[in-house]
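Trainee: Chain L is already provided as a structure; the job is to place chains W and A on it using the hints.
Each chain, written out:
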Amino acid sequence: MNEIGLSHILIVSTALFFIGVYGFLTRRNMITMLMSVELILNAVNINFVAFNHYLYPDKLEGIFFTIFIITIAAAEAAVAIAIIIGLYRNYKSVDVDDADQMKH
Amino acid sequence: MILHILIHVPLVTALVLLLLRDPRQVRLAALLGSALQLVISLVLLWGYRAERKAGNTAQMLFESMHEWYPSLGINYHVGVDGIAVAMILLTAIVVLCGILFSWNVQQQPKEFFFLIVFLSAGAYGFFISLDLFLMFFFLELAVIPKYLLIAIWGSGKKVYSANKLALMLMGGSALVLVGLLGMYYSAGNTFDLMKIAEAGIPPGLQSLLFPMIFIGFGVFTAMFPFHTWAPDGHSSAPTAASMFLAGISMKLGGYGCLRVATYLMPEAAQQYSWLIIVLASIAILYGAFATMMQKDLKYINAYSSVSHCGFVLLGIGMLTTTAVAGAIMQMVSHGLMTALFFAAIGMIYERTHTRQVGELGGLLKTLPFISVVIFIAGLCSLGLPGLSGFVAEMTVFVGSWQNPGAFHRTATIIGCASIVVTAVYILRALGASVMGPIRNEGYLRLQDAAWNEKLASAILILAILAIGFAPFWLTDLVMPDSQLIMNKIIGGVSP
Amino acid sequence: MLSGKYIALIPLLPLASFFLLGLFGRRMKGAAGMLGTASILVSAMLSFYVAYQYFFVYGQADGVYRQITALKYTWLPFSENISIDMGILLDPISVMMIVVVTFVSLMVHIYSLGYMKGEERFSVFYAFLSLFTFSMLGLVLACNLFQIYIFWELVGVSSFLLIGFYYDKPSAVAASKKAFIVTRFADLGFLIGILILAFYGETLDFPTLIQRLTDPASSQLIGITTAGFLGVSALTWGLVLVFMGGAGKSAMFPLHIWLPDAMEGPTPVSALIHAATMVVAGVFLVARLFPVFAISCPVALDVVAYVGAFSALLAALIACTQTDIKRVLAYSTMSQIGYMMFALGVSGYYAEGGLGYTASMFHLFTHAMFKALLFLGAGAVIHYVHSNDMLDMGGLRKHMPVTHITFLVACLAIAGIPPFAGFFSKEEILTAAFHSDKTVFYVALVTAGITSFYMFRLFFSIFWNKEYRPHGAHHHHGEAPFSMLAPLLILGLCSVAAGFVPFGNYVSADGSPLHTEMHWDFSMLPIGVALAGILAAMLMYRKASEVPHRLSNAMRSAYHWSYNKFYIDEIYLFVTKKIIFNLLGRPAAWIDRNVVDGLVNTTAVVTENFSEAIRGMQSGKAQGYAIWFFTGVIGFALLFIYLWM
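Chains as they are written, first to last, in our numbering: chain L, 15 to 118; chain W, 266 to 760; chain A, 1164 to 1808.
Treat the hints as calculated values from the structure; they're not laboratory data. These figures come from a predicted structure and were not determined experimentally. We put the beta carbon where it would ideally sit given N, CA and C, even for glycine. Certain hints may be false.
[As the list claims (entries may be wrong)] Here are a few chain W residues that sit away from chain A, every Cβ distance over 12 Å (derived from the structure):
| id | residue |
| --- | --- |
| 1 | Gly312 |
| 2 | Gly320 |
| 3 | Ala323 |
| 4 | Asn340 |
| 5 | Val370 |
| 6 | Ser420 |
| 7 | Gly707 |
| 8 | Leu711 |
| 9 | Ala715 |
[Said to hold, decoys possible] Output of the computed footprint for chain A on chain L, the stretches with three or more beta carbons under 8 Å from beta carbons of chain A:
| id | region |
| --- | --- |
| 10 | 28-39 |
| 11 | 108-115 |
[Unchecked claim] Mimicking EDC-like on lysine to aspartate or glutamate, the simulated pairs with C-alpha atoms at most 20 Å apart in a straight line are:
| id | chain 1 | residue 1 | chain 2 | residue 2 |
| --- | --- | --- | --- | --- |
| 12 | W | Lys422 | W | Asp561 |
| 13 | A | Lys1192 | A | Glu1283 |
| 14 | W | Lys460 | W | Glu328 |
| 15 | A | Lys1784 | L | Asp109 |
| 16 | A | Lys1601 | A | Asp1684 |
| 17 | W | Lys422 | A | Asp1760 |
| 18 | A | Lys1561 | A | Glu1642 |
| 19 | W | Lys423 | A | Glu1771 |
| 20 | W | Lys560 | A | Asp1760 |
| 21 | W | Lys630 | A | Asp1331 |
| 22 | A | Lys1706 | A | Asp1552 |
| 23 | A | Lys1784 | L | Asp72 |
| 24 | A | Lys1784 | L | Asp114 |
| 25 | L | Lys117 | A | Glu1771 |
| 26 | L | Lys117 | A | Asp1684 |
| 27 | A | Lys1332 | A | Asp1487 |
| 28 | A | Lys1332 | W | Glu624 |
| 29 | W | Lys630 | A | Glu1282 |
The following block holds chain L by itself, in its conformation from the complex:
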């Protein structure tokens, strides 16, 4: 138990994931929600790296995927912030509840 094992890391990533979900569902500020999404993504990244290291130490797919996700996350953040700015121009607010025109 002295050594840090896979399960410890998984606990961390799970915690990180649910913190992200919680943030996404409860925050009204779209920037915060975007940050929560980043947390979720990073939880996944941690999993990838951890599984790669502990289960298949001689392979690199997990690492590749992590880098891939980081890149995508960057692009996604750029798009998301562009959307947020667009919404802000229309509603003068970054509160997600104000942008509820897309409904029945």
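Mentor: Frame of chain L; chains W and A shown alone:
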């Protein structure tokens, strides 16, 4: 070759219509296109008879096939037999007359004529297709424009009617599609009508697919209890659309019931024939009684169409060569007669702005031509000899009577009885609207039919008389092919 | 020579005239009448020629008149052996009928030149007359059971068009509808009868059908007599149903209600269609199938006899109290057709037994002459008085001498006074009835007495009784134009002469000549009865008096029953209005609106409500969607885990 021309003329006409600006040019182009189409249909009839006379006994003539979507086994496969030729001729006549009757349409004439011509392309394609997928494609082509025609150019509660009509017909075609897919897989990944007929469908599967396809097409032909789109749809539709709807669209259903359901699934046709007969008998008598209580001329004709199309289904359900030939003749006859009836109602409505029987009266004095037209349509509807209705109905009756047994006899007697009820409602309607004293002074100043209306009525009446006076040419055309269809019915009654 | 080519011209000329007048008549004006008359004149001459050729030159073989199919081609093939053929079948009755039809039609055409003069739709009238003549000729010449049905319907529709000729009169419209629908209902029976006979007889061709159904050894006859329904053989069903069609057209009880109303049509039409020709089509139909009736199915023949006898009596009773002169004539027509029917009904087939058949056809022949004369005379009177009601008339003998004399001749003929035509034919009928069915005989005898009573009631009320006082100032014209008087005189002559035709020599059930002779000792009784009727009428109506009034008061209830036509119309009205409309029509329409269409609308409403109910899920709140998303993911995860276990 001629079938390619047949299907391309309306498509090209439709495209040309889109390019034109002036409404006068638009209607002229539509008229020319449909007149050309009538000429082609007559040439087709002549060519078909010549081929048959020359001893060509192939089931389908003028056949041709091109690959369309080979990976799914869908081909552009066309060909005609006598039944299809008769239906094509009917389509050509009704479309031409419909265009003549809408000569003075004011609202967006370009779009109006475009949709009419487009619809006709769907009908022609449907009748010549020998590939079930192609047939379905054209069937759908003939549904959608009707929605627009009613919803935009209609009258009364037009949106309701248009929705109802489109949804019910779509429901019908959805059932048909499911049935077609079932056949497709059963026959080894082919939609080809002739190949499926050859391969045959296992009886167990037939009894599953037959009701789907028959009911699906039955919706089109206003089979009881799926007929309620017809009265509302007809009464809201503009004249030309009513003519098309009752004259041709309902016949798509009858043709499909015969060509796809009965021909491809003979065992199931036998199995379910009692049900078809029951539904048809109900439609015939019930439609007639429901008509008696209608006050609106268009509703009267719409309900009577339910009753008359009952004869088509009765003929198909009876499964004898004569009855089936009668059903086909009834389709042609009813198409012409109902088109004439709707046209006459349209002409009256245009002038008096009412279709209520109680508000009209004495029109014979002020509108003699139109009154005579509606009279002829009415007499045809009640089956007067010398007009087409008689020939068709009698053929159905004689064919039905060939089935021994109390059940078939009862159904036939019900059919015969309906001609009395038909006489009652037709004469009531005509007696109150055309005969009698003039109820409205304003009617004395009405203008009788214009040249286009006279021409179109004359064409339809001539066609009705041609069948009524000389039915043998139509019988020659359809009898051999109904024989062919009935030969597939195992143990079917053959006279 | 009996070539089908020129015989076909007899019906086709009127058809051509119909199309010409229908399409271009409006422009022809007066010439329209001349064209119509000319075409029927040619037809009539051709018919006389054909009759001469048939009866005296070609018709007989071994002393028996043959059936000759002069022309036949397939019109509508149904199956190998059943098809509708259009053709011409010549035999004594069809030849006799074409003569009667073209002759009476010619008279009516000439008469109408004067009667309908100045009518706005003059050419239309002649077009319809031509259509009728065509259809009637096609009917009598028919060689095929279905051909007769086709022309049967066509005469029905021409009758409809002519009854409704004054289309702006609501009563005329109602009468025309009634006539068409009642006969249509009867034709339903006819049609089913045809289907039965065609199915078992395996043919629609008359000669073949009759030959098969009268030959006891033929498989068809065995088949049709063994098959049955409700304990009655299919043959009886078929024949009785065919007779139902005939009864409808010939206004037999209980399908007679349309005939009196049909008098709404112009009077020449009543003379042609509703007296002389179309209404005897039912008799003709039974006569056409007579061998089958007589040889194979006497039961059906009994039905014919009793329906005929009852109708004859009923109509005569009603006629006694009617005051509309055309209605009186209409009921007398019905009564006389009843005579023809029961004469057929009591007849046998072979040799002397076939007297009833000959008598029936003879009466048809003479009746056509004198009844047409009566109607045309009544038309002249109506033309002069401008009223149909006999109470407006009286004392017209000085104003209309020609009409008076010819009408008297016709009345004597119908009453059966020698030597007028009706005497000979009625005499034969009574003899035939006497030898076969005593009940029918006495009914016929009583009817004969009543007939002469009401006919002379009519005669005296019009021409004698009170003095004529014209009301209004429209009486400047004389009796009638020559075009109207000429037919009266010709028909008057025929009403005398027709009785002397040795009819049995030409027309008999089995084709061989039948020698009929007068039995004067037997005739005394009918003549006496007829004279008694005339005497009674004379006492009551020759001078204006209170006697009729007092008598009707004394027999109040009987008088009311008769005056109201035994309330048969009311029964029909009840059945149609209350039962058919309220119990069938209304529910059908209601069910369609509310149940069948209700189901469709319910489907639509349910769909709409469902979407209404779930549309709240589309809230527009991004985080709401996220919750659904995560819940869904967790749900699926749990599901997969569960399935894995």
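Trainee: Now look at each hint and say whether the structure bears it out.
Mentor: Do the hints match the structure? See the list:
no., hint, in the structure
1, Gly312, "holds (23 Å)"
2, Gly320, "holds (20 Å)"
3, Ala323, "holds (23 Å)"
4, Asn340, "holds (37 Å)"
5, Val370, "holds (30 Å)"
6, Ser420, "holds (19 Å)"
7, Gly707, "holds (17 Å)"
8, Leu711, "holds (16 Å)"
9, Ala715, "holds (18 Å)"
10, 28-39, "holds (count 3)"
11, 108-115, "holds (count 5)"
12, W:Lys422 x W:Asp561, "holds (14 Å)"
13, A:Lys1192 x A:Glu1283, "holds (9 Å)"
14, W:Lys460 x W:Glu328, "holds (14 Å)"
15, A:Lys1784 x L:Asp109, "holds (11 Å)"
16, A:Lys1601 x A:Asp1684, "holds (18 Å)"
17, W:Lys422 x A:Asp1760, "holds (15 Å)"
18, A:Lys1561 x A:Glu1642, "holds (10 Å)"
19, W:Lys423 x A:Glu1771, "holds (19 Å)"
20, W:Lys560 x A:Asp1760, "holds (18 Å)"
21, W:Lys630 x A:Asp1331, "holds (8 Å)"
22, A:Lys1706 x A:Asp1552, "holds (18 Å)"
23, A:Lys1784 x L:Asp72, "violated (46 Å)"
24, A:Lys1784 x L:Asp114, "holds (5 Å)"
25, L:Lys117 x A:Glu1771, "holds (17 Å)"
26, L:Lys117 x A:Asp1684, "violated (108 Å)"
27, A:Lys1332 x A:Asp1487, "holds (17 Å)"
28, A:Lys1332 x W:Glu624, "holds (17 Å)"
29, W:Lys630 x A:Glu1282, "holds (14 Å)"
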